[in-house]
Every structure is written in C-alpha cells, then in structure tokens.
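Number of protein chains: 2
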Amino acid sequence: MNKRFVTFLPAGVKVEVVAGTDLLTAAGKANIEMKAPCGGDGTCGKCTVHIKSGAVKAKRDSHLAAKIAEQGFNLACQTLVQDEDLVVEIPKTSVMSKNQVLVADNKLNSGISEALSNYLLHVWQLKELLLEKQESPLNGYPLNPLCRCIRLTLPAANLQDNRDDLNRLTLALKKETKCTDINISLPIIRNLGETLRAAQFKVTVLVSEVGGKAEIIAVEPGHSQQPLYGIAVDIGTTTVVAYLLDLEKGRVVETAGTHNRQARFGDDVISRIVYAVDEPDGLKTVYQSIIDTINTLITDLLIKQKQIKEADIRVMMAAGNTTMAHLFLGISPKFIRLEPYIPTANFFPVVKAQALGLRVNPDALVFSYPSVASYVGGDIVSGTLFTGMGNEDAPISLLIDIGTNGEMVLGSGDWLVTCSCSAGPAFEGSGITFGMRAMYGAIERVEIDSQTYEASYSTINNGKPIGICGSGLIDCLAKLRRTGIIDRAGKFQTSLPTERIRIGDTGPEYVLVWQEETDIDRDIVISEADVKNLLRAKGAVFAGIRTLLNVVGFELESIENIYVAGGFGNYLNIPDAIAIGLLPDIPIEKYKYVGNTSAKGACMALLSQEAWLEANSLAGKMTYIELSVGNLFMDEFVSSLFIPHTDLTLFPNISL
Amino acid sequence: MNKRFVTFLPAGVKVEVVAGTDLLTAAGKANIEMKAPCGGDGTCGKCTVHIKSGAVKAKRDSHLAAKIAEQGFNLACQTLVQDEDLVVEIPKTSVMSKNQVLVADNKLNSGISEALSNYLLHVWQLKELLLEKQESPLNGYPLNPLCRCIRLTLPAANLQDNRDDLNRLTLALKKETKCTDINISLPIIRNLGETLRAAQFKVTVLVSEVGGKAEIIAVEPGHSQQPLYGIAVDIGTTTVVAYLLDLEKGRVVETAGTHNRQARFGDDVISRIVYAVDEPDGLKTVYQSIIDTINTLITDLLIKQKQIKEADIRVMMAAGNTTMAHLFLGISPKFIRLEPYIPTANFFPVVKAQALGLRVNPDALVFSYPSVASYVGGDIVSGTLFTGMGNEDAPISLLIDIGTNGEMVLGSGDWLVTCSCSAGPAFEGSGITFGMRAMYGAIERVEIDSQTYEASYSTINNGKPIGICGSGLIDCLAKLRRTGIIDRAGKFQTSLPTERIRIGDTGPEYVLVWQEETDIDRDIVISEADVKNLLRAKGAVFAGIRTLLNVVGFELESIENIYVAGGFGNYLNIPDAIAIGLLPDIPIEKYKYVGNTSAKGACMALLSQEAWLEANSLAGKMTYIELSVGNLFMDEFVSSLFIPHTDLTLFPNISL
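Top line first, the protein sequences correspond to chains X and V.
Positions 1 to 656 (UniProt numbering) are the ones given, in order, by the first sequence.
Positions 1 to 656 (UniProt numbering) are the ones given, in order, by the second sequence.
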C-alpha cells in the first residue's frame with residue numbers, strides 16, 4: 001500500500017497514512033480532534049482545512065464541498081490523500097478545543113496540553129468540581145458504599161475443625177454481611193489457601209453488597225488498612241467527567257474531565273449509533289473509544305493523586321444516557337434509533353473492569369446506572385435521585401436537562417412521568433452557523449442596544465470570540481426579539497437602520513461580532529435560518545413539558561420546583577429562557593440550577609447502597625411517555641414555534 | 001542454547017531438545033508416556049532406558065541409579081542430554097501402555113494408536129462403556145437435565161409496548177422456568193437486539209436452572225431444533241473417561257477414555273501436588289495437562305460422532321477426587337497435602353468452558369462435583385449418589401473404592417460417615433516390583449497348585465505378561481497364603497520344594513512367570529517386601545472400615561450392602577479379597593460391584609437437576625472422620641497386618 005505523509009499546520013504534526021485515507025481520519029491519527037458533528041458525512045461543513053501543498057481528490061461531488069472550495073478550503077472528511085505528501089493547514093474554527101490550538105502553536109507538548117485541555121474544558125465544570133470537594137457528595141444518604149472492606153479473623157484450621165477454606169470464609173462473611181447469597185469467582189478461589197494462611201487466617205475481604213447479595217471483589221491477607229477508592233463517571237455524549245472517591249471517608253478526592261473521544265464519529269447519539277451499526281467493526285471502535293476516554297481520565301486522576309494506584313480502585317459507577325450506556329458496555333445500540341425505539345437493556349449487568357478493559361483493579365466491579373427508555377437514560381435517573389423529587393411527600397417537581405434532546409421528568413413521591421423531545425443539537429451549536437460547544441472563545445452572554453442595535457458580549461475565559469455556545473444563543477434570541485430585530489415568528493426586520501442587519505448567503509442575518517474582534521477570518525453572525533432552528537429546539541422542549549402535564553392532568557402552576565440540570569443548564573439565563581418560551585413562566589424562585597446531576601447521582605450511588613437501590617427503584621417506577629404516539633405533542637410543538645408561544649396567556653409575565 | 005537430537009528406539013521418534021534436558025522430559029516431548037510414579041524424582045526406578053549412542057551425564061549421584069547402571073541401564077529422569085545427539089532405547093517395561101509399543105513398532109501412526117490406546121485402555125472400562133449405552137444413565141432419577149432449550153415467542157415490540165429487550169426476555173423466562181433469579185451475561189446481551197428480531201421475536205433460550213436460579217447459556221434466533229449435548233467427565237488420577245450425553249433423550253451417545261496426562265508428574269495425587277506447588281509454573285502446567293487430556297477426549301468423542309460439533313456441547317459435569325477437582329479448576333492443591341489437610345474448596349463455582357480452555361461451546365457451563373474433604377472427593381459423593389445408599393429408608397450400606405487411598409462411606413438414609421485411609425498405591429502397582437496398572441499384558445488372575453507350587457495365570461487381553469495389576473496381586477496374596485508359601489504375617493517359607501521360591505536381590509521371592517513366557521527380559525516375581533507392602537495396603541482399608549463402624553457403634557454384621565466401586569474393584573475376586581482380610585467376611589451376596597460410580601454419578605447429575613441437588617445435599621451431610629485423630633485407626637491398622645487379621649473371630653468363614 002502506498003504510504004504518504006500528511007503534515008498538519010500550524011501544529012507541524014506529521015503522520016503517515018495510506019493513499020485513499022481522508023484527511024479527517026488522518027487528523028485523528030495525529031491526535032487532532034477536529035469538529036465533525038455529522039460524523040464525517042460531509043454534511044455539516046465544520047471540518048474545513050486548507051491544502052498548502054500536494055494534490056488531493058474529492059471523495060464525491062457535493063454542493064457544500066463545492067461552496068467551501070470556492071473560498072479556498074476543503075472539507076477534511078471529503079478530501080482523500082493521493083500519491084503525494086501533503087501539507088494541510090487546520091483553521092482554529094475547525095478544531096475541538098483550545099488545546100489543539102496550543103499544540104498547534106508548539107508552545108506545549110501534548111501531555112501538558114491534555115492536562116490544560118481538561119483545565120480549560122469549561123468554567124462551569126471546573127466550578128462544579130471545586131464545589132464537589134467541599135460539599136458532601138452523599139446528599140443526605142448514609143455512607144454505605146457499594147464496596148467495603150471487611151476485616152476478619154477466621155478460626156484457624158486444625159484436624160478437629162477441618163472445614164474447607166471457602167466454607168470457613170463464606171460462613172464468617174454471611175454473619176458479617178447478613179447476606180445469604182455470597183458469590184466468589186474462581187480466580188479468587190484459586191489462591192485462597194495461601195491468602196488465608198499468609199497472616200494466620202486474618203484477612204481483609206473487599207465485598208460489594210446489594211440487596212442481600214454479596215459479591216467478593218478480593219480477599220487479601222492481614223488486616224491491612226489499604227485504601228479503598230471508587231470512580232464515578234458521568235459519560236456525557238460530549239463531555240466525560242470522572243470523580244475519584246474515597247469510599248471510606250465518603251468524599252471526592254479528585255476530578256477530571258475531557259471530551260468524549262467518540263465525538264469523531266459525530267456530535268450526537270444518532271451519528272454514533274449510525275457509525276456503530278453501519279461501519280465495519282463500528283461498534284467495537286465506538287466502544288473502544290469511550291473506554292479509551294475513561295482510561296485517559298483514570299490516568300489523569302492517578303497522576304494528580306500519585307499515592308493512589310490503579311489497583312486501589314475497586315469499584316466504578318457509570319451514568320450516561322441510554323446510548324452511552326450501551327456503547328460503554330459494547331451492547332449494540334442499533335434499535336435505539338429505529339422505531340419503536342427499543343433499547344436492548346434498561347438494567348445492566350454488573351461486570352468486572354477487566355471485561356471492559358478499564359485501567360483500574362481488574363477485579364473492580366463496574367455498575368451502570370439503569371435507564372428508563374431509549375431516550376431517557378441513566379443520567380436522568382441519576383438526576384432524579386439527586387433532586388430527591390421521587391422522595392415520599394415530595395411536591396410536584398420538574399427536572400429538565402437540555403442537550404441534543406430535552407429530557408424531562410415530572411412527578412412527586414407518588415408518581416413520575418418522563419419523556420424526551422428531539423430538541424435537536426441547536427443549543428449545542430450544531431446546525432447553527434457559528435454555533436459551538438461551550439469552550440474557550442465561545443460567546444456565552446449577549447446584549448443588544450435597543451437604540452443603536454450594537455452588540456456587546458462576553459466569552460468563556462474572555463478568549464477572542466470564535467463562535468456562540470448554547471447560553472449565548474438563548475441570550476441572542478431573547479435580545480433580538482426584545483430589540484425588535486426579529487418578530488414573534490423569528491422573521492428578521494431587514495429595514496432597521498444598522499449595517500449589522502444584512503442579507504447573507506442564506507438570507508437575512510445579524511452581525512454579532514465583526515471579523516477584526518474575532519480570532520477567526522469571518523464576521524460572527526446569527527442568521528434567520530439559525531433563529532428558526534433555535535425556535536424549533538425551544539418549541540420542542542416546551543411542548544414536552546406541556547405534554548407531560550397534560551398526561552397527568554396538571555397545569556404549569558402546579559409545579560413547585562423546576563430543576564435545571566446539565567452543564568448547559570447551569571449557565572442558562574433563566575429570564576431569557578422564559579422570555580423566548582423555552583421554560584415555563586412561573587416564579588423565578590421555583591427554579592433551581594442543579595448542575596451535573598448525572599455525575600452527582602453517580603457519586604451518591606457509589607457511596608451509598610441505599611442511594612443505588614433507590615436509583616434502581618426510581619428507574620423501575622418512572623413511566624415513559626412516548627411523544628410520537630398520538631397528536632398531543634405535535635399540536636403543542638406547533639403552538640410553541642413562536643416567541644414566547646402562540647398562547648400568550650401561558651406567559652403572563654412576558655412583555656412583547 | 002545448544003540443541004541436540006534424541007532418537008528414541010524402538011519407535012524411531014526423534015526430538016530436538018536443549019542440552020541439559022533430562023530424558024524423561026525428552027520422551028514426553030516425543031509423546032512417549034514413560035512410567036514415572038515418583039514424578040521424576042529418581043526414586044521409583046521405573047523409567048529405565050538404555051543409551052545406545054552418545055554421551056550423557058547423571059543429574060546427581062544416587063544409589064538406585066548406580067544399581068540400575070550396573071545392569072547397563074539409566075534412569076531417564078536422572079539422565080541429562082549433553083553435547084551429543086543421542087540414541088536411546090526404551091524397554092517395554094518402561095512405557096505406560098501398549099500403544100507406545102505399537103508406535104515403537106511403527107505399525108500404526110500415532111493418530112490410530114491414540115484411538116487404539118483408548119480401545120485397549122482396559123477391558124473393564126470398555127465393558128462399562130458398552131453397558132452404559134444400553135442402560136439408562138438416569139438410574140431412576142427423572143430426566144431434567146442441567147441445561148435445557150426453552151422455545152419462546154415473545155410479544156413483538158411496538159410504540160405501546162416499548163419495554164427493553166432484556167426485560168421482555170427475562171419476564172417470559174421467569175414465567176417459563178418459575179425461577180425468580182435469572183442471570184444473563186454481558187456477551188449475550190450485547191447482540192440481544194438482533195437475536196430477538198432475526199426471527200420476529202421467536203427465540204430459543206438455552207438455560208441452566210438449579211434451585212430456583214437460572215443462568216442463560218445462549219439465546220438463539222428462531223425455534224430451531226438444535227441438538228443439545230453435554231459431556232460428563234470422570235477425572236481419575238490415572239484414567240479419564242468422558243461420556244457424551246444427549247440431554248434431551250437422556251442417553252449416552254458416545255464414550256472415550258484415556259490416561260490422565262498428569263501421570264508424567266507422578267502416579268498419585270501427592271506427586272502431582274508436589275509438582276504443582278514446588279515447580280516453577282507447576283500449577284499452571286499440571287492444570288493445563290488435565291485440560292489437554294479432556295480436550296483430547298472431547299476431540300475423540302466428536303470424531304466418533306461427526307454430526308455433533310464442539311458448539312453443540314452446552315454443559316459439562318466433572319467428577320474426580322478433591323485434588324483432581326482442584327487441579328481441573330486451577331485451584332492450588334497445596335494444603336490438601338499438609339496437615340491438617342484442608343482443601344481450598346469442597347463446593348466449586350460453576351464456570352464457563354472458555355474460562356478453563358475446554359474445547360466445547362465457549363459459553364457452556366462447567367459443573368464440578370462437590371467434595372467432602374481433602375481425601376474424600378466428588379468421585380465418592382458421585383458414587384454415594386449412584387448407589388442410592390443415602391436415600392430415605394436405605395439400610396446400612398458401605399461404599400468402598402480402593403485406589404491409592406481406600407475411600408469409604410458408611411451409612412443409611414439418616415446418616416453418612418466417610419473416611420479415607422492411605423492404603424498406598426500398592427494395589428495400583430506402585431511400590432511392588434512387578435506391579436503395574438491394569439493394562440494390556442497385566443496378570444489379573446493367579447492360581448498356584450498346592451502340591452507342585454506351580455503357577456498359572458491369565459492376563460488382560462491375553463497379552464504376554466509384563467507385570468501384575470491390583471486384582472492379580474490380591475489373587476496372588478490369597479494363593480500364596482492358601483498354599484502355605486507365606487505365613488499369616490506374610491513371611492516366606494523358603495524351605496518348600498520348588499525352584500520358584502528363591503532369594504532375590506531384596507530377599508525371598510516367588511517366581512510367578514519365567515522370563516521365556518514374558519514379554520520382558522526378566523522373570524516376573526513377587527517378593528516378601530511386595531507382600532509386606534500389600535499387607536499394609538489391605539490392612540489400612542480394613543482398619544478404615546472398622547473405624548467407621550466403631551464411630552457410629554455398629555458391627556460388621558449390621559452392613560446390609562457393600563458396594564465395591566472403581567475400575568479395580570470391578571475385577572476384584574471378592575472371596576480372595578475376604579480371604580486376605582481386605583474386605584469384611586460377610587455373605588458374598590451382600591457384595592455388589594458397582595463399577596465406575598464416579599462417571600455414572602456424573603452422568604446422572606448432568607441429566608437430572610434432582611440428582612445434582614441430591615449430590616450437593618449428600619456432600620453437605622456426609623460426616624468426615626479424620627483417621628489421624630486419636631488412636632482408634634492405628635490400633636485397628638496394626639491388628640490388620642495379618643492374613644486375614646489378628647482377631648480371627650472377625651473372619652469366621654476363612655479357613656487357614
């Protein structure tokens with residue numbers, strides 16, 4: 001096979017690939033994470049590159065690629081290496097995060113840049129991490145971790161008491177744990193004789209007890225005061241965060257976060273499923289990718305806490321949406337995507353870390369949060385646990401987590417209903433001209449002067465702007481409406497006296513930042529098409545809330561608490577979100593930011609058997625409402641495509 | 001490393017080894033199974049070879065090796081390959097069985113010789129195998145195998161019934177099996193979505209149900225009438241026998257048997273334990289060796305039954321003594337050998353075939369018979385099950401299995417006591433000048449004329465005699481005593497008028513076969529030292545029986561049935577065994593040959609959950625009597641070192 005070198009600028013990273021490889025794949029090989037929300041299908045137009053030298057070939061004809069070519073760029077995913085070595089420049093707008101830019105600038109080696117990437121990942125996340133260290137992660141539950149040390153002194157064997165070793169051990173454990181069903185695997189039994197005798201029948205047993213069943217994780221000689229750690233992982237579609245927990249003290253010791261490496265197969269779960277199902281070895285690749293991501297985090301945690309070793313990690317808890325849970329365990333996600341949207345499993349088996357290839361103690365047990373349905377996953381169950389909204393006597397509350405889908409749970413101690421509406425990835429930046437994830441340089445706040453129509457903005461970490469993230473988009477929409485730049489249906493008033501409103505390639509648009517102020521080579525704009533996309537997204541969420549209420553026969557006013565979850569939710573401007581009709585118009589004091597509840601609930605379950613059992617009980621009792629059945633949701637959706645809504649009585653406090 | 005060739009005659013098999021390798025190891029590499037009861041320690045003197053060309057070096061000085069060298073021979077285990085290629089002749093007396101001789105004669109290739117070896121293995125075994133094909137292996141238990149096919153038609157998923165696949169499956173299985181605890185492993189879940197949909201939610205589930213718990217072995221699409229087979233294995237220290245069972249018809253389809261390849265680490269369990277514990281990687285080697293043995297048998301079974309594939313074997317049941325069970329599962333047997341003789345486990349976990357490397361369906365479940373103590377293993381529990389002596393209302397019975405140890409169970413429906421007495425391997429031929437296993441050419445019956453003191457004999461398969469097996473030795477002892485050649489204490493009457501009685505290297509001896517009639521280069525004799533060894537062996541067994549009776553306060557006459565088990569037992573001449581005081585002097589009609597009960601019980605348990613549960617219940621209720629505690633056994637042993645016994649009132653029917 002013909003091998004060719006591709007050098008990526010400005011990083012100067014050189015990789016060898018076979019002729020016929022596309023440049024997105026080549027960049028991946030160079031550890032450059034390019035944006036590719038469409039998963040390399042050539043439809044999102046995010047992975048633009050500039051060919052500095054060498055001949056390339058287009059994968060296929062495409063209108064989008066042609067348009068980009070006019071501007072002197074190529075789509076990396078659609079451009080194939082031929083018989084020549086290439087030099088390819090990657091614009092900053094095409095890479096995933098600041099760290100790649102830093103690498104590109106050759107200021108830092110990749111090891112440091114990885115750490116820095118985690119550091120820069122996002123402010124909200126860092127804030128949360130710091131918060132966690134101070135607050136108890138138990139959130140009111142008793143400390144009773146999923147894995148504990150039992151120190152036993154067994155009666156020594158002799159000719160009168162010649163019971164076999166295993167019996168001697170399990171009898172003592174049954175007494176200690178009150179479990180009647182004790183499971184111990186063959187590898188532990190194999191050397192049990194030596195283990196018991198190494199310290200005269202004093203042993204430390206690591207055991208996981210859940211609901212009267214005990215699983216022995218390890219048996220070790222003596223009564224050593226070995227450390228006992230666990231890791232809780234929140235597997236987000238975009239971001240993966242890991243918490244290192246001291247199981248005996250019940251506290252968070254360290255945290256780490258990074259991008260989900262599956263991003264190269266697409267931004268959203270659907271692209272990942274398509275890749276896993278349609279590509280050769282797709283499932284294996286996507287599965288390995290999330291395992292690699294988590295292993296990177298584990299390494300990161302253990303670098304920061306040098307006294308803790310891989311072998312000290314005895315148990316893990318993963319929470320993520322249903323697709324992530326499937327991919328994490330290597331379960332085919334195929335039918336999640338196809339009507340009638342059936343997941344293979346909602347409750348997952350506990351497996352050993354070595355079976356998944358996780359770099360902790362090979363015998364560590366790995367628990368996965370249960371899901372409710374294909375689009376209501378363990379992350380939502382975890383959030384429900386964290387809010388306590390399913391507790392006895394809890395008032396009617398709504399948990400809402402807005403990402404690609406808007407997932408929500410409505411209920412009280414007596415009942416819980418849940419649904420997921422396809423909000424689309426607009427709030428995550430996908431499908432929006434200058435949309436981007438909440439990263440360095442993303443615009444997160446926007447003000448527009450109602451007289452001059454001039455914009456001001458703030459960005460994450462005050463970087464020079466390169467795009468607009470979800471909270472910035474909602475701000476933008478609210479301000480465009482408030483200043484009358486758009487009407488209730490999202491249509492631009494092109495006659496207003498400002499050069500910021502103009503007709504762009506796709507129709508009317510508003511210039512938020514002039515090119516000179518940006519870190520890119522274009523003006524940052526929001527177009528009428530972008531606004532329509534955002535209206536569809538917010539409309540879907542509001543329609544979901546209304547549908548759930550309708551199913552159980554309650555009104556908006558019945559809701560006593562609205563828990564806004566997720567990294568995005570944390571930076572949402574609630575009045576703006578109400579103003580555009582994304583969230584219900586109820587008193588602002590009923591709203592509570594709850595942050596990354598998926599991660600928090602994962603920590604709780606790891607530290608408390610009671611919390612874990614409650615999580616399973618919640619998953620079992622949540623009633624899933626399939627929005628595609630009947631017309632209820634669709635009617636609500638159509639009514640929600642205006643700012644704030646067709647029915648203005650629903651938003652009595654919003655002045656137009 | 002220096003590589004040298006060693007050519008073994010008469011086979012003409014050439015192998016390459018590094019200088020410093022001993023010839024026993026080299027022979028092993030050439031697939032020649034030499035006798036080495038001591039496990040290559042240089043103490044048994046069985047592995048004699050003749051160096052035809054090339055220089056060798058002795059491993060160390062030894063009296064035995066020196067004595068053998070005087071006769072122009074070397075001990076293979078004590079002779080090291082040096083800087084020259086060697087030609088080494090192996091006498092017939094040094095190899096394990098006829099098949100090697102056949103190979104040596106170049107009459108058959110090794111593939112056929114392996115099959116022939118199995119054929120010739122032993123007559124009793126073959127007879128048993130044939131018997132099994134005609135008799136029901138269920139022995140009165142209901143056909144209800146440890147693995148069964150459940151054919152389900154699940155309700156198809158739709159938007160109204162959108163339960164996850166796993167839930168859909170397990171709910172149906174709970175109904176079908178009445179099991180509340182259903183376990184399914186991650187690998188099966190991974191592709192469950194496709195499996196259920198491949199034949200529109202019609203599936204065949206292979207499930208193993210035991211005591212209210214179900215383990216799913218496989219889920220396959222459609223209602224295929226796939227075959228369902230299991231294999232029961234009797235792992236004897238010497239011989240391993242496998243039975244291929246049709247689980248749905250409840251019958252034996254095929255059988256195969258071979259030597260336990262662990263024999264090269266020594267004849268008895270102690271040598272194997274020493275090797276496993278003391279040698280580098282010893283446990284791994286000994287473990288792999290039994291797995292290889294069983295895999296050979298599986299291959300053999302499937303060659304004979306070509307329509308059956310590895311993947312069709314869904315479940316296995318192994319029965320063997322406690323050491324064999326430990327080694328089969330790779331559990332260290334170290335403490336079995338050391339006082340207070342504690343096995344690591346008596347009840348073993350069910351594991352997947354792939355975890356052990358067995359060449360059947362990788363997901364097949366492997367069950368192991370429970371043991372009672374270090375020297376009362378699953379083979380005895382299996383035998384107890386087979387005899388039904390633990391059934392309600394069963395009269396007092398004795399099960400006795402004589403091998404290296406004499407293991408016995410005494411009891412009725414209400415109670416069971418058991419013990420193991422170290423009979424030593426005399427009846428297996430070890431420690432006896434011309435002792436050998438029950439193989440082609442072994443003398444199994446002996447007559448001595450009381451006038452002329454001339455001997456007549458018969459051999460297994462009428463081969464020219466090469467040694468004496470256990471039943472032959474007992475015959476011999478009885479006849480030597482009956483003709484007055486030895487006295488009650490085993491002392492030779494050297495003054496009798498026959499040249500067959502003479503003084504040999506080790507003292508007085510009786511010539512059973514003159515060299516001309518043999519297939520070896522010496523007279524076959526039995527010496528006074530051999531007789532003393534045999535008296536110790538028979539004394540230990542009888543003392544064990546007396547001790548058990550004593551513990552429970554019964555007399556010999558209380559015994560209603562004596563079940564004589566094991567390959568050896570099957571060919572025992574009961575009147576002779578009573579005459580020498582090996583077995584109690586009770587009416588001969590109370591004796592029953594029960595054959596290889598270990599294998600029979602393994603088949604029963606595989607075919608019937610009820611039998612398996614009963615086997616576990618029996619193992620739990622058998623009280624183990626440790627003979628080394630107190631003086632009871634030792635007193636009985638000393639009294640039993642005479643023919644038939646010190647106390648002649650115990651043998652009223654034996655005339656001296």
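Do not rely on the hints blindly, as some may be mistaken.
Treat identical chains as interchangeable: a pair holds within one or across any two.
[Stated by the list, open to error] The calculated lysine-lysine pairs, modelled on DSS-like cross-linking and capped at a C-alpha distance of 27 Å, are:
| id | residue 1 | residue 2 |
| --- | --- | --- |
| 1 | K309 | K592 |
| 2 | K202 | K334 |
| 3 | K14 | K175 |
| 4 | K590 | K92 |
| 5 | K175 | K621 |
| 6 | K174 | K621 |
| 7 | K175 | K590 |
| 8 | K14 | K491 |
Since the hints were derived computationally from the structure, they do not count as laboratory data.
Only a predicted model underlies this, so the values are computations on that prediction, with no experimental measurement involved.
Evaluated hints:
In this assembly of identical chains, the alpha carbons of K309 and K592 never lie at most 27 Å apart, being 38 Å within a copy and 62 Å across copies at closest. In this assembly of identical chains, the alpha carbons of K202 and K334 lie at most 27 Å apart only when taken from different copies (19 Å versus 50 Å within one copy). With identical chains, the CA atoms of K14 and K175 are never at most 27 Å apart, being 62 Å at best within one copy and 61 Å at best between copies. Taking CA atoms no more than 27 Å apart as the test, K590 paired with K92 passes in neither setting, with 41 Å inside one copy and 94 Å between copies.
For a Cα distance limit of 27 Å, the shortest separation of K175 from K621 across copies, 21 Å, qualifies, whereas the shortest one inside one copy, 33 Å, does not. In the homo-oligomer, the alpha carbons of K174 and K621 lie at most 27 Å apart only across protomers (20 Å), although the nearest pairing inside one protomer, at 31 Å, exceeds that limit. For the identical chains of this complex, K175 and K590 are neighbours neither inside a copy (48 Å) nor across copies (46 Å), given an alpha-carbon limit of 27 Å. In this assembly of identical chains, the alpha carbons of K14 and K491 never lie at most 27 Å apart, being 47 Å within a copy and 91 Å across copies at closest.
Comparing the model with each numbered hint stated earlier shows that hints 1, 3, 4, 7, 8 do not hold.
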